[in-house]
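Engineer: These are the residues of each chain, in order.
Protein chains: 2
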Amino acid sequence: MALSSALLEAAVDQLATLPGIGRRTAMRMALDLLRREVPEVVRFSEAVRRLREEVVYCSECCNISDQPLCAICADPRRDRTLICVVEDIRDVIAIENTHQYKGLYHVLGGVISPMDGVGPDDLHVKELLERTARGGIQEVVLALGATLEGDTTSFFLHRKLAGAGLQVSMIARGISVGGDLDQVDEMTLGRSIADRKPYQQHAHAG
Amino acid sequence: MALSSALLEAAVDQLATLPGIGRRTAMRMALDLLRREVPEVVRFSEAVRRLREEVVYCSECCNISDQPLCAICADPRRDRTLICVVEDIRDVIAIENTHQYKGLYHVLGGVISPMDGVGPDDLHVKELLERTARGGIQEVVLALGATLEGDTTSFFLHRKLAGAGLQVSMIARGISVGGDLDQVDEMTLGRSIADRKPYQQHAHAG
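Protein chains in written order, with our numbering: chain R, 1 to 206; chain H, 1 to 206.
Okay, chain R solo, but in the shape it has when bound:
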């Protein structure tokens, strides 16, 4: 049945474009918004519009930023010889939260995915190659997801960066800290055996 209100229909249609949101959930969201005061909904609407209209990307690492140069790229304490390549800002946040990395980042804005029509030209690959071409970079760490798309992108970048006189590495894959062996999938366990390394004492995060 068509809805009794074109306004409601339009709002539900738009909310249902959000990732993971079906029409039933979109309707629940629309009714929730209707129960709020007008200024509150205007703030919601404005925050979304301004995000897209006024967003700034760091001219160095392409991360979402408020400044032409983001806080990480502008920080003189970071190791400027090291670039960690990630998919999006969530990965930057996740890695920063480990407090294990003191280099710079490069945010691709996605991974190569022919199924979704995403090729290298849709990502910030050109900017990465420009950065490494300017010199001063000793190592590029590929920190992309352990998926088909992530692996494809890592392979592509590895080939592009080969011969640029820098080391290309990728983050380790293996069993999770605190994980039991019988809980680990076969691919990961197989990989962790193939990638075994000489014994050393680890700090245990558990």
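Hints should not be assumed to be uniformly reliable.
Using 25 Å as the maximum straight-line C-alpha spacing, the simulated SDA-like pairs for lysine to any residue come out as follows [unchecked claim]: (1) 126/H x 37/R; (2) 126/R x 34/H; (3) 126/R x 38/H; (4) 126/R x 32/H.
Far from chain R by the CB rule (all over 12 Å, computed), these chain H residues [said to hold, decoys possible]: (5) 61; (6) 77; (7) 165.
In case anyone wonders, no lab produced these hints; they're calculated from the structure.
Glycine included, each C-beta is placed from N, C-alpha and C at the ideal position.
Since chain R is already given, all that's left is putting chain H on it; use the hints.
Structural biologist: Only chain H this time, still in chain R's reference frame:
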């Protein structure tokens, strides 16, 4: 860790106010919106703002509408002696989809819920009592959810409507059509036994 962009932070904060959406999902939504073209995001933002700013409620049944009188209330083929009381527009749509009901509706806009600070004055109860007081109504069907809040609201409305010279009924509770007895919870099964009625041939929807 704080986000590198106040714009992103604001948008994530707002998206996380939607029902059932946490900050992680809100971030995924914000990044999805950032990947879209500007006019597309403006349409999204406008649809939400206009929904709240320009919404019209039917002067009779309080349903969300585009007209001062909604399509159902304006339809001369509907039985005007019968009012079905529901929580919100989703219930109107659900009942309309059954094609079993030809009367009018009254949309309360919620149910009484002291836990959430929702009392009778926050609902369209006054409008319902005004409608029944104008006469011409023979039956009010309470079609609220089978929850504590729904039952409380039904009880409250039943008392308010008692003595108004009309019949107050409520929709049947029992086992689902197509349902096996051993799948039904004890409350529902007990209720369906207590509410048993003389045998009659049913159309089977399964």
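Engineer: Hint by hint, say whether it matches the structure.
Structural biologist: Hints, one by one, checked against the model:
Annotation: proposed proximity of residue 126/H to residue 37/R holds, straight-line Cα distance about 21 Å (limit 25 Å). Between residue 126/R and residue 34/H the CA atoms are separated by roughly 20 Å; this keeps the pair inside 25 Å, and the hint holds. Note on residue 126/R and residue 38/H: the hinted pairing holds, with a Cα-Cα distance of about 23 Å set against a maximum of 25 Å. For the proposed pair residue 126/R and residue 32/H, the alpha carbon gap of about 22 Å is at most 25 Å, so the pair holds.
With a minimum CB-CB distance of about 10 Å to chain R, residue 61/H fails to clear the 12 Å threshold, and the non-interface call is violated. For residue 77/H, the condition that its CB be more than 12 Å from all CB atoms of chain R holds, with the nearest at approximately 16 Å. At the 12 Å boundary, the C-beta of residue 165/H stays outside the reach of chain R, the nearest C-beta of that chain being 30 Å off.
Hint compliance for this structure: hint 5 is the single one not met.
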